[in-house]
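> Each chain, written out:
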Amino acid sequence: MIVRQEWDLNSRIKKASRHTNQNEGLIFEKSSPGKRAFELPPLDVPQVDPAKALGANHRSDGVAGFPEVSEIEVMRHFTRLSTWNYAIDLGMYPLGSCTMKYNPRVNEFVARLDGIATEHPYQPPELSQGCLKIQRLLEQCLLEITGMDAITLQPAAGAQGELTGLLLIRAYLQKHGNPRKKVLIPDSAHGTNPATAVIAGYEVENIKSESHGQIDVDKLRELVTADVAALMITNPSTLGIFENRIPEIAEILHAKGALLYMDGANMNALAGVTRPGDLGVDVMHLNLHKTFSTPHGGGGPGAGPVAMKKILEPFRPVPILVEKEGGRLALEPVRTDSIDRVKAFSGNFGVLVRALAYILAYGPGIRQATEDAVLNANYIRKHLEGAYDLPYSLPSMHEVVFSDARQKKNGVNTMDIAKRLIDYGFHPYTTAFPLIVPGALMIEPTESESKEECDLFIEAMRAIADEAATNPEIVKTAPHTTRVRRLDEVGAARKPILRWDPNRRSGTPEPAEREAKAAAREFPTPVVPSAD
Amino acid sequence: MLGAIGAKSIDELFFSIPEKYRLQDPLKLPGPYSEAEIIKYFTERAAENSPGYSGFRGAGVYNHLRSVVTDAIIQRGEFLTSYTPYQAEISQGTLQAIFEFQTLMCQLTGQEVANASMWDGSTATTEAVLMAERITGRQRVLVARSLHPEYRDVLRTYAKNSGLQVEEIAFGANGTLDQKALQSAIKNDVAAVVLQSPNFFGALEPVAQLADGVHAAGALLVLAVTEGVSLGLVKPAAEADIVALEGQSFGLPPSYGGPFVGVIASREKFVRQMPGRLAGQTTDSDGRRGFVLTLATREQHIRREKATSNICTNQALCALAATVHLTLLGKEGLREMAHQNLAKAQFALAELTKIPGVRRAFDAPFFNEFTLEFPRSVKIVNTELLREKIVGPLPLGTSYPELTKHALVCVTETKTRADIEKLATSLRHALEQPL
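Taken in order, these protein sequences are the chains called A and B. Using our numbering, you'd call the opening residue of the first sequence number 1 and step up by one each time. Using our numbering, you'd call the opening residue of the second sequence number 1 and step up by one each time.
Calculated from the structure, these hints are not laboratory results. For clarity, every value in this text was computed on a predicted model and none was experimentally measured. Treat each hint with caution, since some may be false.
To be verified - Here are the simulated lysine-lysine pairs, DSS-like style, with alpha carbons at most 25 angstroms apart: (1) A:52 <-> B:354; (2) B:405 <-> B:422; (3) B:354 <-> B:389; (4) A:133 <-> A:310; (5) A:310 <-> B:160; (6) B:405 <-> A:208; (7) B:8 <-> B:40; (8) B:20 <-> B:40; (9) B:405 <-> A:495; (10) A:133 <-> B:8; (11) B:269 <-> B:235; (12) A:133 <-> B:40; (13) B:306 <-> A:495; (14) A:324 <-> B:235; (15) A:175 <-> B:160; (16) A:309 <-> A:175; (17) A:181 <-> B:28; (18) A:182 <-> B:160; (19) A:181 <-> B:422; (20) B:28 <-> A:35; (21) A:256 <-> A:309; (22) A:409 <-> A:476; (23) A:181 <-> A:219; (24) B:28 <-> A:133; (25) B:8 <-> B:20; (26) A:52 <-> B:235; (27) A:181 <-> A:15; (28) A:310 <-> A:14; (29) B:389 <-> A:324; (30) B:20 <-> A:309; (31) A:181 <-> A:35; (32) A:309 <-> B:40; (33) A:182 <-> B:405; (34) B:160 <-> A:309; (35) A:310 <-> B:20; (36) A:324 <-> A:309; (37) B:354 <-> A:451; (38) A:310 <-> B:28; (39) A:182 <-> A:310.
All chains, please: the whole structure from these sequences, using the hints.
Rendered as structure tokens:
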């Protein structure tokens, strides 16, 4: 009741209101023998006795435990589950470093066309010219945007792009006599960078950021020895700050025979405004599921093309897209110096299609998308500076990083604020990253948000800052409006339950037990914040 | 908004980029195009591909019937436009669906835990090998030559710098792994033996028979499955320690090679060495059942250079499509689909081997793919078939130089009897052509 009051009386929550959603068990719990939702056309060839055809390998019965449900049950099941998710289609999704921009539906439409979705990667090139032309045009567009000389579209995601980039560097250095030992990585980098460096066979050496949050160039100069293969830099950094000494950084590396890798996760701050290739970057990946609007789909799929300077071109993964006489395109399977394949077939082609559709919609106007993204981030920064601590004050690009230092005094941390933001109708920002900011709030609005949506977000964040001062309990126990409350992650990891098992007692306690638990839980004291 | 920020122009927001590096001219990109023009561009490209052709190629990518329901569900914005479910309270839909996916994969493979997900079957197979390396502390890996050639390529790319020593084991006369060759290669320094079933030639490997020898050497048996539908009729290899599955056959279109969905399934005791995301069941503070991402201490965002893998973005929406597709098919539907594949492939084999000079190359049992030997080069045969608007069987000579007259035929439930008969007639004519 307390929560209900809180909700009804809190006029500051403008974007969201309560509504009923449907309960839904696991699909396996709804199953009843004999039901099915999909019919095949009748078999038009003679029946075969599978026991005879497959011998010892024959599975004599259907898959034990597999669901048996009707079509409407399938539809309702997944539709009900879907309503438990937040999504870009519902509102702003300001996850820093994730670039949650609008996913245009025309992209989905063209990726599903007959003649696009239906094509087999092993059909002959003369029947694949459409697919190859799409790849060719995307390659050309991405080269123009990055200012690079050559590209591969094969990597499946950003992390695989990183690996591809480091393998290119390794192959290049090896060709010149010594692959070297170390990769330098700033302490503000994404976790994928160090994880990738290890798979590429390198030791990781972390570089501490200087007091303004940028690469410490003097320190870098000391660290770049003949053992260093590359520096992996994210630009703008995960603080949303442009590394303005990047040309000098490139020179320091090049002078010692090392190369500069750029993590392109934050390319949404640069597209159309500046080009990594012009800044001295040797190789970089792009996240098509960030900058180029392909949907995240609850975690993937993405695509991580890698663009590079001429010196790395000979080492690209095969197959290589080439133009033959008469303009015919083909995939060349063998190259002497290639690092070989990183993935089977031709990359995540369906994702490449969507990214090209996005580029075609903007054309050179992609610059304005960048400008709007940076404008939105700075607008939010300006309006939240008074309410939240800004640990690094250099100009922001497409995202801004605050800390919870002020709210901490009342025992409220970044995760609490994030959870309370859910009650206000928003997806949380990225919490507790980058690691160099204790209690980070990393906010990336993207260009998709209108001033109105940004204003609602600002208002919500300010209201939560007020609550943290006047009624910290309501923030610390948030969210109050979701179908589940904070979940027991420690318990989940201690005794992992990773699949449904009909023999295991359900995880849902009996009603009586549930009530007892609920009663035992400490409820926040109701305090209605004063209206502005 | 600029006024509120206190900037005079939008350019001012970019002053931290040194001026000489700021682009003065617009990028040379095609567009801007309207929605109608974008659709026109891609429709024109689609027409330059293979519409109107009938294809008999599989080799890791399979054409299967898909219900329109799957696309209707995965295109719901709440699934399509959400991020990785780190904020569990507003991601229960995705999390529960992942939990259901993990369950379905365990049921299919007979394993105890399955992740959600890897990029595809090739990277799942590679990651399964790296996992076996961590579990056994050994670095020698024996890989069946009958494993998909591109999967072997990917494994070699990853192995090159990690100290892994990859050796290939030949295949025998019946198209399956040469057991004698395996026996002489396997020693107690082997981390994993990797094989695929049905293998690249379509043949079912005698996984159960091989397992004892592999385990006796203290090695793990890694089984790659590229054709998931086979599991509807082929016994899951309970003897395998790690299964690396390609889930494309579960409701995902061929899409010229991706996006698909890879899965690693294994024993519960190995879960902490597994790469990739896992959803686990737990309770909220009111005691209600809910789901969270769990065992994240294996992952790169927590462990950085000590993580089990660098994977971050995975193939979540593809995993959802597979979950919906398998739920639609259900227990009986999957079995029937598998049965139709088997029946149609058997029918095709019978029809094609009636043609003079066409021979079944390997006699091991198969599911929906089999290898034929022609009396002449496959390339010449396929050129003739293309005239009949048929994309003929996959020539094996590129990957196996000793098999230039061999071709891999794939027949799924999408092929009608008439399609198969037309292939047989056209092949007969092609072989009757003077050279």
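> Are there hints from earlier that the structure breaks, and if so, what are their numbers?
Hint check: 6, 7, 8, 9, 10, 14, 17, 19, 20, 27, 28, 31, 32, 33, 37 fail, others pass.
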